[in-house]
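J.: Chains as they are written, first to last, in my numbering: chain A, 1 to 300; chain B, 1 to 251.
These aren't lab readings, by the way, just hints derived from the structure by calculation. Beta carbons: idealized from backbone N, C-alpha and C, even for Gly. Where hints are given, some of them may not hold.
Simulated coverage check for chain A against chain B, where a stretch passes if three residues somewhere in it have a Cβ under 8 Å from a Cβ of chain B [to be verified]:
no.: 1; segment: 46 to 55
no.: 2; segment: 65 to 75
no.: 3; segment: 248 to 256
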Amino acid sequence: MTTPAIEVTGLAKRYGSVQALDGVDLTVRQGEFFALLGPNGAGKTTLISVLAGLARPDAGTAKVMGFDVVRDYREARRALGVVPQELVFDPFFTVRETLRFQSGYFGLRHNDDWIDEVIERLDLTPKANANMRSLSGGMKRRVLVAQALVHKPPVIILDEPTAGVDVELRQGLWQFVSGLNAAGHTIVLTTHYLEEAETLCARVAMLKQGRVVALDTTANLLAGVAGLRLKLKVSPDRMPPALAERATRQDDGSYLLPLARSAEIADVVVALRANGAEVTDLSILEPDLEEAFVSIMGRR
Amino acid sequence: MTGFRTLLYKELLRFWKVSFQTIAAPILTALLYLLVFSHVLESHVQVYPGVPYTAFLIPGLAMMSLLQNAFANTSSSLIQSKITGNIIFILLPPLSYAEFYWAYIIAAIVRGMAVGAGVFAVTLVTVSVPLPNPFWALAFGLVGGGILGALGLIAGIRADKFDQLAAFQNFIVMPLTFLSGVFYSIHSLPPFWQAVSHLNPIFYMIDGFRYAFFGVSDKPPLLSLAIVSGCFAALSFASLQMIRRGHKLRN
Ligand SMILES: Nc1ncnc2c1ncn2[C@@H]1O[C@H](COP(=O)(O)OP(=O)(O)OP(=O)(O)O)[C@@H](O)[C@H]1O
Ligand SMILES: [Mg+2]
Chain A
1 MTTPAIEVTG LAKRYGSVQA LDGVDLTVRQ GEFFALLGPN GAGKTTLISV
51 LAGLARPDAG TAKVMGFDVV RDYREARRAL GVVPQELVFD PFFTVRETLR
101 FQSGYFGLRH NDDWIDEVIE RLDLTPKANA NMRSLSGGMK RRVLVAQALV
151 HKPPVIILDE PTAGVDVELR QGLWQFVSGL NAAGHTIVLT THYLEEAETL
201 CARVAMLKQG RVVALDTTAN LLAGVAGLRL KLKVSPDRMP PALAERATRQ
251 DDGSYLLPLA RSAEIADVVV ALRANGAEVT DLSILEPDLE EAFVSIMGRR
Chain B
1 MTGFRTLLYK ELLRFWKVSF QTIAAPILTA LLYLLVFSHV LESHVQVYPG
51 VPYTAFLIPG LAMMSLLQNA FANTSSSLIQ SKITGNIIFI LLPPLSYAEF
101 YWAYIIAAIV RGMAVGAGVF AVTLVTVSVP LPNPFWALAF GLVGGGILGA
151 LGLIAGIRAD KFDQLAAFQN FIVMPLTFLS GVFYSIHSLP PFWQAVSHLN
201 PIFYMIDGFR YAFFGVSDKP PLLSLAIVSG CFAALSFASL QMIRRGHKLR
251 N
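Using the sequences plus the hints, can you model the full thing?
T.: Rendered as structure tokens:
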């Protein structure tokens, strides 16, 4: 078996009275596109901080590409690129200086070709010589992404990279990151936009109060929630008995009806008509990660 | 080594980009001290026989500026990085503890030396001060700058807010520098305060530094150099331990 990109065992971390991580076990294989999800305060950033060596674990071990983040910290950090959640920058320097410094800190001297390419790919070329202070929030975010990539790390962790970022950059960013993944980089991503995780990530871990409460492929998680459903309102507000026993009444006066196939919609409408009722509002609900998330987080 | 060199270069560039504040301003401050004190005391005080008070004062002032600016460089750089959060840019890369430490310390020494040399150069216009033993000046400048740089590093890492840093500066660094014999020889003090002054490492820096100029000092320069080097070694050891443990940096 090849070395896992990330291997975390029994990881615990407490801040004062908050148990930010409470025995986390997690393995991410090389080449995966992995999502780390969870509500605010679940411990995602704390987990990333431990992996990056920014926080010391109280118990357990964390390895990046087989290197222990405490004992072999230099190798572990060389293998990892982190895009932090907070929008931080050094106001003394320009974009290019910032990237050159970051590259130098990683021990790389003649790295301008790659720096130029990253600047180009992230659409930062017009701002390359601008002072960091003068950039907009989204631009600063791009520089943070670029900084995480200067040393071409095999493992890249992005902590909410799309918070406060416009649609265009978001799409561009995902295209870029998907390209990196296709080129063999392992990508770990946290986000509160679950549709992003659903489309991009093949596997998902969900954290809640410092524990892993779900760890599975995206497909399995979706299969675990209710399938295709029809949401509809009828007038006059009555259902034929055959449908009524399958449907659940919602607070807003609509009905939710599980479907086996989308073609079943026609049968439903016909049955309602036969019962003297018209459909006034109709929408189809497909299973999504958000539902899986809500149902998993709601448990216990 | 590239990591260390980059961090050192970044630290140098950081103060160089604002050299008006970080070099020119402290030189002006030192000149103001010189003007005021020499005007008031020139005809009343002679510390070493044959040495005018203004000439006596200049090396002390240059050294005091050197020390204060070495402290300011590490402490302000670290507290700013911590407060703005960009400290993570140097915490994420595989920089070793020693690379981290020495990059900050050397940058602090360079800034201190630049200010100290600036004070000396500017005062040279009005008063000529001999420098028969430049080796001693260099040695005390280096070690003194290193000590204050290390103190600044410790203060910058420990402080969570600017006012904590200001307290460290105002209640520890300033009294130690002012009471180190910059403006007087400690022989003019009552015995008790002389004894207290001997516990102040900055006293030895100023005294040894002044030896380079006048060939006279309160203590033999070699003894002073041994004492300040010992202090620097101890502070370096403590700082390296602190960075290794990640105290206040990796919580
Ligand atoms: N430096 C710290 N000091 C004290 N408490 C902390 C610190 N960092 C995190 N915590 C606490 O640890 C818990 C986990 O925080 P963490 O930042 O890991 O959550 P998260 O999953 O990243 O949340 P979000 O989605 O809001 O980013 C929270 O209760 C937080 O308040
Ligand atoms: Mg977070």
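J.: A separate judgement is required for each hint: does it hold in the structure or not?
T.: Here's how the hints hold up against the structure:
Taking a C-beta to C-beta cut-off of 8 Å, the segment 46 to 55 of chain A contributes 4 residues in contact with chain B, enough for the three needed, and the coverage statement holds. With a threshold of 8 Å between beta carbons, the proposed coverage of the segment 65 to 75 of chain A by chain B holds, since 3 of its residues qualify and at least three are required. With a threshold of 8 Å between beta carbons, the proposed coverage of the segment 248 to 256 of chain A by chain B is violated, since 0 of its residues qualify and at least three are required.
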